[in-house]
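Visitor: Spelled out, the chains give:
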Amino acid sequence: MNLKTANPALYYLQRAAFYLLVLVIAVYLLAPFVWAVLTSLRSPGDLFLTPREFIAAPTTLQNYVQVFSNPNFQRGLLYSLIVAVGSVLVSLLIGAFAAYALGRFRFKGKTIVLYVILAVSVFPQIAVLGGLYTLIGGLKLYNSPLGLILSYLIFTIPFTVWVLTSFVRDIPGELEEAALVDGASPLQTLFLVLFPVMMPALVTTGLLAFINAWNEYLFALTFTSTNRTVPVVIANYSGATQFDQPWGPIMAASIVVTIPLIILVLVFQRNIVSGLTAGAVKG
Amino acid sequence: MTVQAPTPARPRRTRGIEAARARQALWLLLPTLIAIALVAGYPLYRTFYFSLFDANLTSPEQRSFIGLGNFWFTTEDGIAVGFLQDPKWWGAVKNTLLFTVVSVFLETVFGMIIALVVNSAFKGRGLLRTAMLVPWAIPTVVSAQMWAYLYNDSFGLIGRGLLGGQAVLANTDTAIWALIAVDVWKTTSFMALLILAGLQSLPGDMYEAADVDGASKWTQFWKLTLPLLRPALLVALVFRSLDALRVFDVMSVMLGNVNAASTSMTGYARQALIDNQLLGMGSAVSVAVFLIIMVIVVIYVTAFRVKFD
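Chains as they are written, first to last, in our numbering: chain A, 26 to 308; chain B, 51 to 359.
So here's chain A without its partners, still in its complex pose:
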């Protein structure tokens, strides 16, 4: 039964309805972002225009110039980069050790360790906020990127361990058996045999952890005062006066922070989907 030959009218109607649905979904997913890009390219005076006039209004880069010359934003970008890269590197390194142990070794208490790690990734950040605040204060890390790197480990480590463990399990065992027979220590095996094989997994996991760290808001807002990361800078972006919300520069700053993520996500789309499902569905 082929609808195309049996009832062409109904077939084309169905196809048209389907493409309409596709269009609606695409507009729903992209319109807010496109509107933000558009706003970032308009001068402040044009924000009052009607939507049609607004779209046709002249394009300008003045918001971007203003954002990039804002010292808070410059510092925010730097600190976000330091904090996100730092917490990712630390969690990848020690997370890979743990994932190797959990994915390959048999020992008592393994299930308990796995459940503890899962529980940590489940429980709310607010539950540790007070305790972490006093800990960071005690270590004299308040307002320092190091304090944020330390506190971000609470979500980057469980995530990397969990995802990498499921990757390690999928690597065929012959590789390291050969290394073990040759008398390699577990660390040698890990660094020389497994790491090269795990490279795609490390990149994927690192990228996802980077995105999480780059986006974090609660800890960054609480544990810093002047050394803000970019989300906090954007959330508190203020204009000349207290009541003036500079939407143009805010949107420009938002786009600047988002574009690198979107590029990364598009380049690594396949890995990301597999990483997400390893972390969430299988995990």
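No lab work stands behind these hints: they were computed from the structure.
No incorrect hints appear here.
Think about it this way: if two alpha-carbon atoms lie no more than 27 Å apart in a straight line, the pair counts; the simulated DSSO-like pairs of lysine-lysine are:
hint, chain 1, residue 1, chain 2, residue 2
1, B, Lys267, A, Lys29
2, B, Lys173, B, Lys267
3, A, Lys29, B, Lys173
These stretches of chain A come out as covered by chain B in the derived footprint (C-beta under 8 Å, 3 or more residues):
hint, region
4, 46–59
5, 70–79
6, 143–157
7, 174–181
8, 269–279
9, 288–298
Glycine included, every Cβ here is placed at the ideal spot set by N, Cα and C.
Position chain B against the provided structure of chain A, taking the given hints into account.
Guide: Frame of chain A, contents of chain B only:
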């Protein structure tokens, strides 16, 4: 038996190797365990500890034990100071639950629709799949600012255009729905990605058999797709619900920290803890948030028999 029979060499050696492997495993796990104990275990213990004290964030050493006084306490003058006696807390609980139930429900429905569309063959499928990743890739704070602008009553496409200059975010009752819309937009993609991954792992020949049997697409969806998708769907549901229950960013950015305290449990806890510097009270609220979320996890895991392994 005075002379003990020598144990066969082989088992002992394997046992030795296994013990050695277990020791190595412990060394490999140690950095992770230390890190987790430092950033999660110890602070969590401190939160529970301080919840029983009257303590200030600036001088935690000067604390006095008050038992459950942060939770429930009425002074001699009849003033209720426990947070469980504060209607604002219960408003935050109600709003968080409403936010969670409605947004996770809508996300699941929209996510399912988008996943089914992307899973079928059509021209431009790759593009739509790519577009799907965009809202997910946008930082939450950025999407909150984007939508705050869209909702703005004098500039926003929605606030000025669709709602005719009504300030939706100014009123908590309307704001919660506006926030749900933002969260649904932002996270439907995540749900759709997970559901899509689940759909692509379904065996295709079963649908061919169902086609041969003359089952309609509708029947196939309810009788085949949905039951087979159940495990993937449930795990996605659990993760999304937990994220929604601990929501803070969207409220904080779009409403400000003061109003976030009446719309989210986390916002309420953070206000007590950081803005008001009440370490004891804030810790008590954090304990409550923690317990509420743990109870929901247990309900999910037992009711749906979610398996994580």
